[in-house]
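Protein sequences, first through last, are from chains H, D and P. For the first sequence, counting from 1, position 80 maps to 80 in the working numbering; every step adds exactly one. Every position in the second sequence, counted from 1, becomes a number in the working numbering once 1000 is added. Every position in the third sequence, counted from 1, becomes a number in the working numbering once 2000 is added.
Don't take every hint at face value.
Some chain P residues close to chain H (C-beta under 7 Å, calculated; not the full set) [as the list claims (entries may be wrong)]:
1. ILE2008
2. LEU2041
3. SER2042
4. GLN2044
5. PRO2047
6. GLN2048
7. LYS2067
8. PHE2122
9. ASP2184
10. ARG2185
11. ASN2239
12. GLN2250
Since the hints were made in silico from the structure, they are not lab data. Where a beta carbon is used, it is the ideal one built from N, C-alpha and C, also for glycine.
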Amino acid sequence: MKSFKDPIITLTTDFGLNDPFVGIMKGVMLGINPDLRFVDLSHQIEPQNILKAAYILGASYTYFPEKTIHLVVVDPGVGSERRGIIAVTEGYTFIAPDNGVLSPVFHDKTFLKVVEITERRFALPEISSTFHGRDIFAPAAAWLSVGTDTARFGREIRDYVILDLPKAHLNERDIIEGEIIYKDRFGNLISNISQEIFDRSLATSKNGSFNILIGSTDIKKINRFYAEGGEDEVSALFNSQELLEIYIHQKNASGVLNIDVGERIRVRFNYS
Amino acid sequence: MKSFKDPIITLTTDFGLNDPFVGIMKGVMLGINPDLRFVDLSHQIEPQNILKAAYILGASYTYFPEKTIHLVVVDPGVGSERRGIIAVTEGYTFIAPDNGVLSPVFHDKTFLKVVEITERRFALPEISSTFHGRDIFAPAAAWLSVGTDTARFGREIRDYVILDLPKAHLNERDIIEGEIIYKDRFGNLISNISQEIFDRSLATSKNGSFNILIGSTDIKKINRFYAEGGEDEVSALFNSQELLEIYIHQKNASGVLNIDVGERIRVRFNYS
Amino acid sequence: MKSFKDPIITLTTDFGLNDPFVGIMKGVMLGINPDLRFVDLSHQIEPQNILKAAYILGASYTYFPEKTIHLVVVDPGVGSERRGIIAVTEGYTFIAPDNGVLSPVFHDKTFLKVVEITERRFALPEISSTFHGRDIFAPAAAWLSVGTDTARFGREIRDYVILDLPKAHLNERDIIEGEIIYKDRFGNLISNISQEIFDRSLATSKNGSFNILIGSTDIKKINRFYAEGGEDEVSALFNSQELLEIYIHQKNASGVLNIDVGERIRVRFNYS
């Protein structure tokens, strides 16, 4: 594994690909560290959708080699008093505005600390009040990539913003209550119901039967892979993140069912 | 030319750019070989459109330096019994699901062999049944990029899937019968009629006159470049792949003519 | 700073990301110089919108390290008599068709010269008349990146095409007359009124009050950052390029106001 020779920076923003904002950030970073290599996670996050950016980051960052730096710029509060932060886990470093977008990182078992970015030396000479991605965050990421210690950016803080990410839970009648937290390009609907919570309920259920209830649909089995779903059949499986996902094979489930992020999903087992 | 120092992997998928799937695959590959550099061919293929992915790969791969590895993940059958394969030509290595998406490669004059990917050692420790791009194909590409012999991935097979790609041909009245096989961003309509088949018919025709018939349009000449087409004139030229292409200069021909992929196109020569 | 070891090429085109055109260009370049690294500025420019490409290039290129090569392919005249050119400033080299897309470069204080690309040795062996991005411009960029002198591509020319970029000016009543020149992903409307021309008028005005007039809206103050704008309030600020920008915080101003590129915008000061 390489260390600081050709470091990797991932980028997650809501800047889209029409405007040159992402390219400009990369230019700024290459000016500081010409050995950088970049991987784009997504730039198509809906403008200012912090929750979605947090989801995408959380689903992705552990697949990168150690020492990868993850840069996230979804920043509705740019220019205001909101802080810029660096978060550190055992394997990775993260740079982002302090608006909760790094929430998945704060729940990482190897999470170590958060530093507020106050040192101006590691920013561009002139800081606009509208594009901190270019003026503060990109330079910070590049300086980190050449080995600059996080302590040189500012002091450690403990009052960083954590989002209340929607979690699945058992209600008083032992029904798993979850919600759709992500819709992918294929129209697959990804819920926050993990295989773990499902398996725990299943183990204590009577006969292994269950009902997955979403909208007006009642799904009674879980497939292993997409192609197991019948034509036009609303189907479920545990996806590559081990989350319960609703899909229709080779169709757009979100469109067909008219269901989107935020929709309630429940799993009812037979305990008696 | 570099060999295995900073190898190149191209990526062609239907994952789109909204979701982090492509970024995750790159992270997995960089974890195996941190020297990799990536070139994206397209991730905007319509979900599960194997034919389009095959077309894009076929139009592109020969422009890359020797030893480039081409990774294609358009995979409606993920998790089912469909196999993963590695195809080898004299210049390149290809990794894809065995669903025909590599068909253009099998027609390459320098095509050598296909190996089925069965060895688990070159996959992620846990293989999901929904994201083999991440768990099997990306790791295979990265291991190939560090020089792993294809024979170590599995045994050679000969019953790989080949798509019946639509080919232009002469009908019984010596009319070239083709179809539109691709529509590009500009709305240009690319047919499967090659300059070669056209020139052969032209050479045996009486006076060099011909009619290109598509929809209700009859085109009587072939331009050399786009700007030769008059305003709003439905025009034809042989494009950069030497395929007959229908366009309207600075307009979207597909939109104006309401013609899409699959449309019949014929060229009739005057032989008598 | 690196020199010619791992050179950087930026790409700006109207090729989009659905088709493999951009990937093919990168493949061609890597075949000539395998050490290249690429940064995409934008490929989503509306087909043949030279003005927009010029704007994007102008807003971006100075953020890259010295010796970066900027490649622009927005080329409605491909195959016709329009020339290909290389432009040189003290810091950068640019390759593009000679259609005005490099206009911002010609106004750069460090602009040095333009060379017409006539030498065939630095093109692909076969030059199509429809894809010079692949056959001429990409190879030229790659040969420049390995240190080929610009003089070897052709002779210096002085009659290159310069676009008449819309400029803000003071009218006879000392009102600043400008127009919207760019709309970004967020629907923010960027004008050609610079902070400099604004500040100059402000300094000679009576009491510092002013009216920004666009469509039927009259804006009386300038914010420092986006979040200062009230909910649904049409607001203005000087953006990260120091240009006057009209926005609605967390809304799409272009959509709400039904205003697009080309719209007139005026700033009236109180001088009496």
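Against the structure, the hints:
no., hint, result
1, ILE2008, "6 Å, holds"
2, LEU2041, "4 Å, holds"
3, SER2042, "5 Å, holds"
4, GLN2044, "4 Å, holds"
5, PRO2047, "13 Å, violated"
6, GLN2048, "16 Å, violated"
7, LYS2067, "10 Å, violated"
8, PHE2122, "25 Å, violated"
9, ASP2184, "5 Å, holds"
10, ARG2185, "4 Å, holds"
11, ASN2239, "5 Å, holds"
12, GLN2250, "6 Å, holds"
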